[in-house]
Amino acid sequence: MNEITAPLKSFRIALLGNPNTGKTTLFNVLTGLNHRVGNYPGVTVEIKKGRFVHQSNAIEILDIPGTYSLAPRSPDELLSVELVLGLNPLEKVPDALLVIADASNLERNLYLATQAFETGLPVILALSMVDLANASGVKIDFKALSEKLGIPVIAIHASKRKGLDELKNAIVLLQTEKRMPPVPVFSQDVISNRAKILGLLGDKGSLFLAGRLLFETDGFLAQQLEQKLSLSLTPAILESREALKSLGINLVSIEAKSRYAWIREMVQPCISKPEGRVTGFTDRVDRILTHKVFGMFFFFLIMFSMFTALFVLAQPLMEWIGEGKSLVGQGLESILPDGMLRSLLVDGLLEGVGGVVVFLPQIVILFGFLSVLEDCGYMARAAFLMDRVMAKCGLSGKSFIPLLSSVACAVPGVLATRVIEDKRDRLATILVAPLMSCSARLPVYVLFIGAFLTEGYGWWFPGLVLFLMYGIGFVTAPLAAMLFKSTILKGKGAPFLMELPVYKTPSFSVVFARIYEASLSFLKRAGTLIAATMVLIWAVLYFPYISSTGENYPERIAATENKAEQDALLLEWKKNSYLGRTGRLIEPVVKPLGWDWRIGVATLASFPAREVVVGTLSIVFGLGKDAEDEQQLLEILQKARWNDDPDQPLLFNVPSALSLMVFFALCCQCGSTLMVIRQETGTWFWPAFTFIYMTGLAYIAALLTFQVGLLFL
Amino acid sequence: MNDIPLAMLESGEWAEVTDVSGNPNIVSRLSELGVMNGCKLCMLQQGQTCLLKVGESRLSLGCLYSDCTIMVRPVV
Numbered sequence: 001m002n003e004i005t006a007p008l009k010s011f012r013i014a015l016l017g018n019p020n021t022g023k024t025t026l027f028n029v030l031t032g033l034n035h036r037v038g039n040y041p042g043v044t045v046e047i048k049k050g051r052f053v054h055q056s057n058a059i060e061i062l063d064i065p066g067t068y069s070l071a072p073r074s075p076d077e078l079l080s081v082e083l084v085l086g087l088n089p090l091e092k093v094p095d096a097l098l099v100i101a102d103a104s105n106l107e108r109n110l111y112l113a114t115q116a117f118e119t120g121l122p123v124i125l126a127l128s129m130v131d132l133a134n135a136s137g138v139k140i141d142f143k144a145l146s147e148k149l150g151i152p153v154i155a156i157h158a159s160k161r162k163g164l165d166e167l168k169n170a171i172v173l174l175q176t177e178k179r180m181p182p183v184p185v186f187s188q189d190v191i192s193n194r195a196k197i198l199g200l201l202g203d204k205g206s207l208f209l210a211g212r213l214l215f216e217t218d219g220f221l222a223q224q225l226e227q228k229l230s231l232s233l234t235p236a237i238l239e240s241r242e243a244l245k246s247l248g249i250n251l252v253s254i255e256a257k258s259r260y261a262w263i264r265e266m267v268q269p270c271i272s273k274p275e276g277r278v279t280g281f282t283d284r285v286d287r288i289l290t291h292k293v294f295g296m297f298f299f300f301l302i303m304f305s306m307f308t309a310l311f312v313l314a315q316p317l318m319e320w321i322g323e324g325k326s327l328v329g330q331g332l333e334s335i336l337p338d339g340m341l342r343s344l345l346v347d348g349l350l351e352g353v354g355g356v357v358v359f360l361p362q363i364v365i366l367f368g369f370l371s372v373l374e375d376c377g378y379m380a381r382a383a384f385l386m387d388r389v390m391a392k393c394g395l396s397g398k399s400f401i402p403l404l405s406s407v408a409c410a411v412p413g414v415l416a417t418r419v420i421e422d423k424r425d426r427l428a429t430i431l432v433a434p435l436m437s438c439s440a441r442l443p444v445y446v447l448f449i450g451a452f453l454t455e456g457y458g459w460w461f462p463g464l465v466l467f468l469m470y471g472i473g474f475v476t477a478p479l480a481a482m483l484f485k486s487t488i489l490k491g492k493g494a495p496f497l498m499e500l501p502v503y504k505t506p507s508f509s510v511v512f513a514r515i516y517e518a519s520l521s522f523l524k525r526a527g528t529l530i531a532a533t534m535v536l537i538w539a540v541l542y543f544p545y546i547s548s549t550g551e552n553y554p555e556r557i558a559a560t561e562n563k564a565e566q567d568a569l570l571l572e573w574k575k576n577s578y579l580g581r582t583g584r585l586i587e588p589v590v591k592p593l594g595w596d597w598r599i600g601v602a603t604l605a606s607f608p609a610r611e612v613v614v615g616t617l618s619i620v621f622g623l624g625k626d627a628e629d630e631q632q633l634l635e636i637l638q639k640a641r642w643n644d645d646p647d648q649p650l651l652f653n654v655p656s657a658l659s660l661m662v663f664f665a666l667c668c669q670c671g672s673t674l675m676v677i678r679q680e681t682g683t684w685f686w687p688a689f690t691f692i693y694m695t696g697l698a699y700i701a702a703l704l705t706f707q708v709g710l711l712f713l
Numbered sequence: 001m002n003d004i005p006l007a008m009l010e011s012g013e014w015a016e017v018t019d020v021s022g023n024p025n026i027v028s029r030l031s032e033l034g035v036m037n038g039c040k041l042c043m044l045q046q047g048q049t050c051l052l053k054v055g056e057s058r059l060s061l062g063c064l065y066s067d068c069t070i071m072v073r074p075v076v
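From first to last, the protein sequence lines stand for chains E and S. If you count the first sequence from 1, position 496 lands on 496 in our numbering, and the numbers rise without skipping. If you count the second sequence from 1, position 5 lands on 5 in our numbering, and the numbers rise without skipping.
In case anyone wonders, no lab produced these hints; they're calculated from the structure. Misleading hints may appear alongside valid ones.
[Stated by the list, open to error] List time: in silico EDC-like cross-link candidates among lysine to aspartate or glutamate, alpha-carbon distance up to 20 Å:
{"id": "1", "chain 1": "E", "residue 1": "K492", "chain 2": "S", "residue 2": "D67"}
{"id": "2", "chain 1": "S", "residue 1": "K40", "chain 2": "E", "residue 2": "D647"}
{"id": "3", "chain 1": "E", "residue 1": "K257", "chain 2": "S", "residue 2": "D19"}
[As the list claims (entries may be wrong)] Chain E side only, calculated, beta carbon under 7 Å to chain S, not exhaustive:
{"id": "4", "residue": "S69"}
{"id": "5", "residue": "F496"}
{"id": "6", "residue": "T582"}
Glycine included, every Cβ here is placed at the ideal spot set by N, Cα and C.
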């Protein structure tokens, strides 16, 4: 490369660690980037990069997904190994590895470190959760461990920013002073056979890679490497494996046995543990929270509290936002002359976007709850409890975490399915994840429960209905998965194997970051996609404002004083608008669900993003209403009559409100979800399949809800 | 022989693993997590999906899958 045009060289570090070691927190604190932190295996499913400058040295960090071992058995795990070893064409080989290990479970965490030691790169060991280790009576002599291993060992507490300077100094120091890690010891036979394979690998080889090929049970890595490096490896590997087998060596377990024995030898002089069997805080809590009966009871209690909180806590905040919106509306109406611009700003943008923004408190509470559950370690317990249920549907507990994440949003939910090793299990989970009620459905539920299922019922009733609405997803998703797993995705699932992290106090910064990120993206969507849709909806409802006989509706409405006449004109105008014509065209399809054309078009408009519906309803039902007449959408809906005709019965009753909610619970109205399914499955077939089955299901379910509801309610 | 399948271990009982066999992928994954011959573990919650304590970690495991068998010998 030309010396002059070469970019400024920075020192490149790959960050490795087991799941739940605080790896992502360390990454965020070091690089200052804000990312999500999860507390269950594999939440870091994207490779993230960041950089920082320390003492005028530029350091680049590559965040490798959390893993227990660098033994690749899937394309995801292979990517991590490729990045660490510099085999990926998109990334240069790192200059050093930073391994973060949980001090409270040191030996298990060092397993991954021993693999890092064999890569031929310098390694720094960062120990997290030292306070948890100390609390359980474990004392580690860091200096002795550092001397024993011959590499820097640094205790850190990332969220409290402890030990970070020391860590950065050690990284900077590595640039000039390379301290190589020790090489874990295997038996002589293993070493000589590994050397043979190493010889074949040429300049791409490392002790780690050679060992990996020797110990690998399924030939996945060998196959991949043969393709990528155009080498012939399999015959030599099979020969070495046969040689070791004939010596009575069990190739499946020899690696773990040798590594753990070596770790024990290294660690034992540097660590003191309490004698005997200790029952710590986590074990005592787990006796209840993972119990078959009490655990399930607490699980439902936690879920129910979450949904009740969504109503009770958010109510006053929502009212403030609603009042703010009215004030802005009145302000705009007082300064703007009557006309198209005022209508666009007040009836279109403010009503539409404001109608969606009102639900910000719910988003904050929902994401707050979920991130606390995740960060304190409860989410993994929920997956454990649910494994039995999921197994009945042909899935495992691992599918439960993506499903529960989908309660916030199906996009991260679909991404979280990457932790599921089994391809069919993963696809089935992806296909049903959008059935879980996401935060974008929340506005619809809150609005309709608030309007039709609150007054005249107990304080606990709205929360219960909301819980049941979410329950639709919790019941339908596993059932749909069961159907898919027994038909198009037939096959035996992989066994459930998951680590449950230690309980800890949730970190305020982690929870806050997640709430902040979610709120920001919600507001951004409201300001862009939703605002644009609102303007479009307003326009197709405003135009044409001149009737076929040449009458100008806005002028005529302004000219008359008679309220009834105004309403009649307004209705005629809406019906003649482009949206009104479309609505009447689709009315026969939505009428059996108990909806009139206005609900029909609002639903139609919300296919790209379902939260649009609330804004669309605000526009469709509210357009042209006077400022004095200003009422919240909730009251407008309560008083709405069929086709806006005062002589017709009330538009909404409990069955039709329920049918609308059920439709939104099950329908696939989210462009982003379909895009992410396309991205994750690599074909348009599965997003199309998801769209068709969900929309069909939603229609049938809403139809049944309304028709059966009419018989009883 | 006092060896019993892992699934038969009662909640709260300790045991030593005497044999892990079956699907090599799962056997090696288990061994990476510390579940291998000679290791001591405690059954925290018994059931179709069980919760084990192995070393300092808590592992949740589908106990009754037929492609991997874990035999243990209860210890006091």
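Original post:
Are T582(E) and chain S close enough, Cβ to Cβ, to be under 7 Å, as the hint says?
Top reply: For T582(E), the interface hint is violated, since the closest Cβ of chain S sits about 51 Å away, which is over 7 Å.
Original post:
Between K40(S) and D647(E), does the CA-CA distance stay at or below 20 Å?
Top reply: violated, 78 Å
Original post:
Is the Cα-Cα distance between K257(E) and D19(S) 20 Å or less?
Top reply: holds, 13 Å
Original post:
Going straight from one Cα to the other, do K492(E) and D67(S) come out at no more than 20 Å?
Top reply: Judged against 20 Å, a Cα distance of about 10 Å means the pair holds.
**OP:** Return the status of the interface hint for S69(E): holds when the least beta-carbon distance to chain S is below 7 Å, violated otherwise.
**Re:** It holds, given that the least Cβ distance between S69(E) and chain S is near 4 Å, below 7 Å.
Original post:
Any CB of chain S closer than 7 Å to the CB of F496(E)?
Top reply: holds, 4 Å
The structure shown violates the earlier hints numbered 2, 6.
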